[in-house]
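*Asks:* Each chain, letter by letter, is given below.
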Amino acid sequence: MTPRVGVITFPGSLDDKDAARAVQLAGGESVSLWHADADLHSVDAVVLPGGFSYGDYLRCGAIAKFAPVMEKLVDAANGGLPILGICNGFQVLTESYLLPGALTRNDHLHFICRDQKLRIENNSSAWTSNFEVGQEILIPLKNGEGGYVADENTLDELEGEGRVIARYLEINPNGSRRDIAGITNARGNVVGIMPHPEHAVEKLTGPTTDGLGFFTSLLSSLVKTGKVSA
Amino acid sequence: MARVLVNVALKPEILDPQGRAVMGALGRLGLSGVADVRQGKQFVLTIDGDVDDEKLAQIHEIASTLLSNPVIEDFTVEVRP
Numbered sequence: 001m002t003p004r005v006g007v008i009t010f011p012g013s014l015d016d017k018d019a020a021r022a023v024q025l026a027g028g029e030s031v032s033l034w035h036a037d038a039d040l041h042s043v044d045a046v047v048l049p050g051g052f053s054y055g056d057y058l059r060c061g062a063i064a065k066f067a068p069v070m071e072k073l074v075d076a077a078n079g080g081l082p083i084l085g086i087c088n089g090f091q092v093l094t095e096s097y098l099l100p101g102a103l104t105r106n107d108h109l110h111f112i113c114r115d116q117k118l119r120i121e122n123n124s125s126a127w128t129s130n131f132e133v134g135q136e137i138l139i140p141l142k143n144g145e146g147g148y149v150a151d152e153n154t155l156d157e158l159e160g161e162g163r164v165i166a167r168y169l170e171i172n173p174n175g176s177r178r179d180i181a182g183i184t185n186a187r188g189n190v191v192g193i194m195p196h197p198e199h200a201v202e203k204l205t206g207p208t209t210d211g212l213g214f215f216t217s218l219l220s221s222l223v224k225t226g227k228v229s230a
Numbered sequence: 001m002a003r004v005l006v007n008v009a010l011k012p013e014i015l016d017p018q019g020r021a022v023m024g025a026l027g028r029l030g031l032s033g034v035a036d037v038r039q040g041k042q043f044v045l046t047i048d049g050d051v052d053d054e055k056l057a058q059i060h061e062i063a064s065t066l067l068s069n070p071v072i073e074d075f076t077v078e079v080r081p
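As given, the protein sequences belong to chains F and R, one line each in that order.
Under this note's numbering, the first sequence has 132 at position 132, and the numbering climbs by one with no breaks.
Under this note's numbering, the second sequence has 22 at position 22, and the numbering climbs by one with no breaks.
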């Protein structure tokens, strides 16, 4: 059976179509979920895409966390459902306390859009299992509020438990503490990443196809955990 | 009618690049002696009737869940007649 991966569209989401396409290129079936949905339509995993949910009003991701679909998503996350939050999706995950810390205004105040080199630090999460630890990848980054912050204890805990999944290489583009580009929860099913793997899945439009690894990792994880057959 | 002011500010240890940019502008405009600028936001809630303890407790709850993010922000609540 083909794994079914939900992509949630909030008012103001931008990258939901790209995320759905990345799911399909990796071999999954994408399922469109709407912010007002009362359930998750029995999907095997969920992507929270990039964009500006609710216009970024109040704080990025702050209003999205109260969307009807999020109540179900928080329960499902705690039950082990694989969830990937990209950019605004990462902000929604921290606002919902599914991941620690917060994303704040870039330290230089400018919106940044560039192809960003990253180093994969963790290949045991549901979304990074097909990478090698130490592997360098190049994927697009585009954000105004991408500075990852958390208190020192939380940062030490993330490092100590190997929960930093990727770090910025060569430059720190937004003032993120300890060059953190992405993290996972203790269980490894919920991952947030500020750069955009879904924009690097095809030669025609991406700088590389390195981003595809996040989506093929998910499919491998689902097979491994017996959620879907190979 | 009563007004309730909810003031939200970044915690002291969180970098405030907007405040820093404003501080740079103050210097260029000739205001000297400013040691620091922090930018926050204020919500003005206009309430029908009186603000009793129950209403105030609800406002505190909303302030800590929606209006501020306790990971990076602090808030205060002021009731104005």
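Keep in mind the hints are simulated off the structure, nothing from the lab.
Some hints could be false.
[To be verified] Under the rule of at most 27 Å between Cα atoms (straight-line distance), these lysine-lysine pairs were calculated in the DSS-like manner:
| id | chain 1 | residue 1 | chain 2 | residue 2 |
| --- | --- | --- | --- | --- |
| 1 | F | K142 | R | K11 |
| 2 | F | K142 | R | K41 |
| 3 | F | K142 | F | K17 |
| 4 | F | K227 | F | K117 |
| 5 | F | K17 | F | K203 |
| 6 | F | K72 | F | K117 |
*Asks:* Does each hint hold? Answer for all of them.
*Replies:* How the hints compare with the structure:
no.: 1; hint: F:K142 x R:K11; result: holds, 26 Å
no.: 2; hint: F:K142 x R:K41; result: holds, 26 Å
no.: 3; hint: F:K142 x F:K17; result: holds, 17 Å
no.: 4; hint: F:K227 x F:K117; result: violated, 32 Å
no.: 5; hint: F:K17 x F:K203; result: holds, 17 Å
no.: 6; hint: F:K72 x F:K117; result: violated, 34 Å
Violated hints, listed in ascending order, are 4 and 6; each of the other numbered hints is respected by the structure.
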